[in-house]
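Make a model of the complete structure from these sequences and hints.
Letter by letter, the chains look like this.
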Amino acid sequence: MNIDAIKNGIVIDHITAGLGMKLYDLLELESLDCSVAIIKNVSSPKLGRKDIIKIDADIPINLNVIGYVDPGATVNRIRDGFTIEKKKLELPEKLVNVLFCKNPRCITSTEQELKHVFKLTDRKNRIYRCLYCETKAN
Amino acid sequence: MKHLIDILDFSVEELQELIDTANDIIDHPKAYSERCKGKKLATLFFEPSTRTRLSFEAAMYDLGGNVIGFSEAQSSSAAKGESVADTAKVISCYADIIAMRHPKEGAPLVAAMNASIPVINAGDGGHNHPTQTLADLLTIYREKGRLSNMTVGFCGDLKFGRTVHSLINALSRYEGIKVVLISPEELKLPSYVKKDILKEHDIPYVQTSDLESIMSGLDVLYMTRVQRERFFNEEDYLRLKDSYILTPDKLNNAKTDLSILHPLPRVNEISVEIDSDPRACYFKQVLYGKYMRMALILKLLKEAGNCEY
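Note that the protein sequences, when read in sequence, are chains F and D. Take the position in the first sequence, starting the count at 1, then add 551; the result is the number in this note's numbering. Take the position in the second sequence, starting the count at 1, then add 2; the result is the number in this note's numbering.
Hints in this document: simulated from the structure, not taken from any laboratory. No residue lacks a Cβ here, since even glycine has one placed at the ideal position from N, Cα and C. Treat the hints with caution; some may be incorrect.
Some chain D residues near chain F, calculated using beta-carbon distances under 8 Å [unchecked claim]: (1) Ser79; (2) Gly83; (3) Val86; (4) Lys106; (5) Glu107; (6) Ala109; (7) Leu111; (8) Val112; (9) Asn116; (10) Gly127; (11) Gly128.
Once the Cα atoms are required to be at most 25 Å apart in a straight line, the calculated PhoX-like pairs of lysine-lysine come out as [to be verified]: (12) Lys91(D) <-> Lys304(D); (13) Lys257(D) <-> Lys146(D); (14) Lys666(F) <-> Lys637(F); (15) Lys675(F) <-> Lys201(D); (16) Lys653(F) <-> Lys196(D); (17) Lys687(F) <-> Lys161(D); (18) Lys670(F) <-> Lys301(D); (19) Lys558(F) <-> Lys653(F); (20) Lys597(F) <-> Lys639(F); (21) Lys605(F) <-> Lys653(F); (22) Lys670(F) <-> Lys638(F); (23) Lys196(D) <-> Lys180(D); (24) Lys4(D) <-> Lys666(F); (25) Lys4(D) <-> Lys670(F); (26) Lys304(D) <-> Lys257(D); (27) Lys196(D) <-> Lys670(F); (28) Lys197(D) <-> Lys670(F); (29) Lys4(D) <-> Lys42(D); (30) Lys666(F) <-> Lys91(D); (31) Lys197(D) <-> Lys645(F); (32) Lys42(D) <-> Lys304(D); (33) Lys687(F) <-> Lys286(D).
Set out below in structure tokens:
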């Protein structure tokens with residue numbers, strides 16, 4: 552199966568197989584007007600299987616979302632058919648409106664305009680806690 | 003802008019600075035009686051807490067300042083649906099410093115993020131109550147002359163007791179602290195507190211349900227109330243509420259210089275016969291709470307450039 556190379560845009564590569572759609576949703580790529588391709592279960596010498604997302608436009612991407620969902624993914628920025636930037640990701644220190652606090656006693660449960668902010672408190676065990684009530688993210 | 007939302011917002015050095023100021027206030031109250039002349043403290047109490055509110059108000063009056071505010075959400079704009087963020091912005095136009103009590107966890111942090119004046123967390127639900135911890139620390143310091151090298155027993159509701167979690171957190175930064183956790187099985191200290199605080203700081207601790215067996219080794223005994231409001235099931239509350247009642251006979255093996263603390267209010271977990279024992283410190287603790295709040299108000303106003311200190 553072939554998908555044409557993009558000339559100007561973004562390729563999110565080395566996505567753990569099965570996480571492509573989740574990233575598509577969290578990055579809200581359905582709202583874009585440009586072409587977006589999700590390629591699932593591509594053979595990969597390194598991962599066995601991987602997903603790839605190709606976006607046919609150079610748009611700002613929320614790297615924190617990708618870093619949280621799949622820190623092993625890479626983000627390549629393409630210009631005039633050449634890779635001009637290749638970013639390796641890591642767990643972000645802070646997530647805004649990616650995770651949502653489920654603690655009914657948290658101030659976010661009653662103040663709807665508040666952004667849901669989670670901070671990384673234990674990188675080794677991938678633990679995020681709500682900025683306001685410190686409840687651990689599930 | 004410096005605020006006090008969590009006890010860990012202050013370093014050990016800053017806590018010592020507060021303790022030193024509080025001690026100086028105790029020794030020279032007149033020297034502080036006009037330090038906050040012309041300044042206003044706003045006590046924004048979205049849920050009733052008479053003792054904490056009065057302590058803040060007494061602290062501000064003893065500094066020569068004034069107090070404005072409300073004591074329940076019904077008498078505030080929150081009843082009309084105003085957000086905490088907007089309340090903080092509005093009150094910043096009227097007062098010099100805010101003390102906020104709120105039933106929702108994290109509300110004082112939201113206030114601090116939006117206010118242009120210092121915010122003090124006066125209790126946010128079951129989350130934090132840092133000024134109670136300040137009162138606890140000054141009490142221990144004045145009784146022991148130190149905050150390091152001692153064995154502290156926590157007894158009662160260690161599961162829901164936020165004052166216990168905060169004090170353990172604060173003491174974890176001092177040398178030579180050992181902790182004894184005394185509770186019924188159902189009210190044991192949550193595992194995340196043990197992992198994140200005690201194990202993280204290599205603090206030796208033991209868990210037991212038998213208060214008398216470990217009494218002789220304690221330098222400080224921090225008693226807590228089993229809080230009815232934390233239980234969904236009345237039967238569980240009734241079964242556990244009398245788990246520990248400190249009576250004079252239980253102090254037979256205790257050290258002569260043991261310090262007994264309690265964040266109050268007490269129900270029946272400390273017999274009134276203990277009140278006359280020189281080791282009972284819980285009413286002094288209330289008074290020290292006021293002095294620490296005075297020191298805190300001064301420090302935050304000074305850091306905001308609003309007080310000469």
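Original post:
Given the hinted pair Lys670(F) and Lys301(D), is their alpha-carbon gap at most 25 Å?
Top reply: Since the Cα atoms of Lys670(F) and Lys301(D) sit roughly 28 Å apart, the hinted pair is violated (cutoff 25 Å).
Original post:
Between Lys4(D) and Lys42(D), does the CA-CA distance stay at or below 25 Å?
Top reply: Distance ~17 Å between Lys4(D) and Lys42(D) Cα, so the pair holds.
**OP:** Assess, step by step, whether the Cα of Lys687(F) is no farther than 25 Å from the Cα of Lys161(D), and give holds or violated.
**Re:** 16 Å, holds
Subject >> Straight-line alpha-carbon gap Lys605(F) to Lys653(F), limit 25 Å >> reply: Between Lys605(F) and Lys653(F) the Cα gap is close to 33 Å, so the pair fails against 25 Å, i.e. violated.
**OP:** Classify the hint on Gly128(D) as holds or violated, based on whether any CB of chain F lies nearer than 8 Å to its CB.
**Re:** 7 Å, holds
Original post:
Does the alpha-carbon distance linking Lys687(F) and Lys286(D) stay inside the 25 Å limit?
Top reply: 37 Å, violated
**OP:** Decide if the proposed pair is consistent with the structure: Lys670(F) and Lys638(F), CA atoms, cutoff 25 Å inclusive.
**Re:** The given pair, whose Cα atoms are some 22 Å apart, holds under the 25 Å limit.
**OP:** Answer holds if the nearest beta-carbon of chain F is closer than 8 Å to that of Glu107(D); otherwise answer violated.
**Re:** 4 Å, holds
Subject >> Pairwise hint evaluation, Lys91(D) against Lys666(F), where the allowed Cα distance is 25 Å at most >> reply: 18 Å, holds
**OP:** Hold the hint about Gly127(D) up to the distance rule: shortest CB distance to chain F must be less than 8 Å.
**Re:** Holds, because the Cβ-Cβ distance from Gly127(D) to chain F comes to roughly 5 Å (cut-off 8 Å).
Original post:
Does Ser79(D) meet its interface restraint, that is, does its C-beta lie within less than 8 Å of any C-beta in chain F?
Top reply: 14 Å, violated
Subject >> Restraint check for Lys196(D) with Lys180(D), where alpha carbons must lie at most 25 Å apart >> reply: Status holds; Cα separation ~13 Å.
The structure fails hints 1, 2, 9, 14, 18, 19, 21, 26 and 33 (numbered hints given earlier, in ascending order).
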